[in-house]
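K.L.:
What follows is each chain in one-letter form.
There are 2 protein chains.
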Amino acid sequence: EGHLQGVFSLRDMALAQPNTRLFNLLKKDAISVPVDADAEDVAHLFDKYNYYALPVVDKDQKLLGVITIDDVIDVMREEATEDIYLSQGVPLEERVDTPWYESIKSRMPWLYFNLFTAFLAASVVGAFESTIAKFAVLAFFMPIIAGQGGNAGMQTVTIVTRGIALGEVPKGEGWHILRKELLLGLLNGLAMGIVVGAVGFIWKRTISLGLVVFLAMMFNMITAGIVGTIIPLGLRAIRQDPALASSIFLTTFTDTLGFAFLFLLARVLIPGVR
Amino acid sequence: EGHLQGVFSLRDMALAQPNTRLFNLLKKDAISVPVDADAEDVAHLFDKYNYYALPVVDKDQKLLGVITIDDVIDVMREEATEDIYLSQGVPLEERVDTPWYESIKSRMPWLYFNLFTAFLAASVVGAFESTIAKFAVLAFFMPIIAGQGGNAGMQTVTIVTRGIALGEVPKGEGWHILRKELLLGLLNGLAMGIVVGAVGFIWKRTISLGLVVFLAMMFNMITAGIVGTIIPLGLRAIRQDPALASSIFLTTFTDTLGFAFLFLLARVLIPGVR
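If you read the protein sequences in the order shown, they are chains A and B. Heads up: the first sequence begins at 1 in my numbering, then just goes up one per residue. Heads up: the second sequence begins at 1 in my numbering, then just goes up one per residue.
In case anyone wonders, no lab produced these hints; they're calculated from the structure. Mixed in with the good hints there might be a few duds.
Copies of one chain are not kept apart here, so a pair can be met inside one copy or by any two copies together.
To be verified - Taking lysine-lysine and the DSBU-like style, the derived pairs with C-alpha atoms no more than 30 Å apart in a straight line are: (1) Lys-27 <-> Lys-59; (2) Lys-48 <-> Lys-204; (3) Lys-204 <-> Lys-180; (4) Lys-171 <-> Lys-134; (5) Lys-105 <-> Lys-180; (6) Lys-171 <-> Lys-105; (7) Lys-134 <-> Lys-59; (8) Lys-27 <-> Lys-105; (9) Lys-204 <-> Lys-134; (10) Lys-59 <-> Lys-48; (11) Lys-59 <-> Lys-204.
Start from the sequences and build out the full structure, keeping to the hints where you can.
P.N.:
Shown next as structure tokens:
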């Protein structure tokens, strides 16, 4: 008793002959979901098979209740908000009408965390203070190289995160994506690198400057493709939401490495700069 | 003929006495949606009132078809993808398994647009080349001040965009949000400004440097709150999706103004720097 035996369809009942026994309308192979199932997985099940309701059972197949499709819509809405918020490091509980003192409490820890990561990236700049003093034009290319890496990386992160959320990235298939993003990083790096390299050369009539910014852009775009793939896949591997603050982790990498590429290459390749 | 007269409930029919006339089960005040309704608006209607199906009519109330809840789930899924993709400037059509040559075609125009905006922000840095050559430590604070503005601004953009999508921001109510975000920008600016100001002062034992980076951070965080509110509200006002490339527009502002605040304040406040 209390165990799921099957389900009835209201449509079958309405269309049945009046003298049909209810038992003959019972569908025995009823699909059910375990009570500890993940809400997002259940939502995907409804989406895939167009169910309107599913029974919920415990591990002994005992019937505990029914999930209907309007519950699922609520889950999907929450999930969408969650993905956007998480990827930007925005606290989940905040809405436009949250009072300002609550907003401060929820936003400020993230901003302090961001500040910490920003100091990490800036410390690379600090280490090359003498290089910048000698050749201040490098400061012009800092935001361009770091920023383009961040933008290209976020394209990758967004597509990979969404692919994971939609169940389009089976475990162990990460390599295919990594290979594709590596190739895209290389091609985007060439395309963007040629533009910045040309600007560097034409502006200062210095071939070595053009070469430095071309190579720094190339390396940073390739880094962006690799890191942008690894962050969401890595978060999934350690059973965290792939969207979790991915933009903050990514830009820490693309800023830090972008600056390092730029200044190291300048020291090595531009005569008179150390 | 062909006009919507009302709807029947399958439940009412199944539970009705066998001799009831169908006409008596007709619900005449049927809710319907016009054929040119926005798919997202219809999805919100289903979500709010827990409908399972709604009739679709033309402008003469002629019945054209029925929308069921599984169509709505598809719309909500697309909408969630759209919001995330749009806000990052990621092409809507791309998925993880899109071939690389298609990905390049869809991503590269965005990256070139980003590159253009990055050059705009960097041109501020270029204009202050002599300032940086004199006082290279300013380059250390560039990514911190610009980056914190970008992060705080994206918190605002994300919350405002989501609020608009959920219908929580009635037209004309934008002022309330702007006032709140202005206050938050001020408080966040104080909190972050004190940290960077202290680092600037303690590191170089220069009060004026501490004051410059404190004020630059303050101004940029206030800018981030204002711009982060205005971008999504402005996009809605001109009937564009509020999520559209908001991160790119925002960081263009926070980078450009962040650099300008930093270098202008340095010229005015730090003795010997021009």
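K.L.:
Checking an output row: Lys-134 and Lys-59, CA cutoff 30 Å. Within, between, both or neither?
P.N.:
The answer is neither: 70 Å in one copy and 71 Å across copies each exceed 30 Å.
K.L.:
Up to 30 Å between alpha-carbons, please classify Lys-27 paired with Lys-105: within, between, both or neither.
P.N.:
Result: close neither inside a copy nor across copies, 52 Å intra and 50 Å inter.
K.L.:
One pair to classify: Lys-171 and Lys-134, alpha carbons no more than 30 Å apart. Within, between, both, or neither?
P.N.:
The answer is neither: 50 Å in one copy and 53 Å across copies each exceed 30 Å.
K.L.:
Have a look at Lys-59 and Lys-48 and pick one of within, between, both or neither, based on CA distance no larger than 30 Å.
P.N.:
within (24 Å within a copy, 33 Å between copies)
K.L.:
As a check of your reading, is Lys-171 near Lys-105 (CA-CA no more than 30 Å) within one copy, between copies, both or neither?
P.N.:
between (37 Å within a copy, 28 Å between copies)
K.L.:
At 30 Å max between alpha carbons, let me know whether Lys-27 reaches Lys-59 within a copy, between copies, both or neither.
P.N.:
within (21 Å within a copy, 42 Å between copies)
K.L.:
Go through the copies and call it for Lys-59 and Lys-204: within, between, both or neither, with a Cα cutoff of 30 Å.
P.N.:
neither (72 Å within a copy, 65 Å between copies)
K.L.:
Treating 30 Å as the Cα threshold, decide for Lys-105 and Lys-180: within, between, both or neither.
P.N.:
Between copies, since 14 Å is at most 30 Å while 41 Å is not.
K.L.:
Measure nothing new, just compare the shortest in-copy and cross-copy C-alpha distances for Lys-204 and Lys-134 to 30 Å and report within, between, both or neither.
P.N.:
Both: 14 Å inside a copy, 19 Å across copies.
K.L.:
Please work out whether the CA atoms of Lys-204 and Lys-180 approach to 30 Å or closer within one copy, between two copies, in both situations, or in neither?
P.N.:
neither (36 Å within a copy, 46 Å between copies)
K.L.:
What label fits Lys-48 with Lys-204 when the C-alpha limit is 30 Å: within, between, both, or neither?
P.N.:
Intra 58 Å, inter 61 Å, cutoff 30 Å: neither.
In terms of the numbered hints stated before, the structure departs from hints 2, 3, 4, 7, 8 and 11, listed from lowest to highest.
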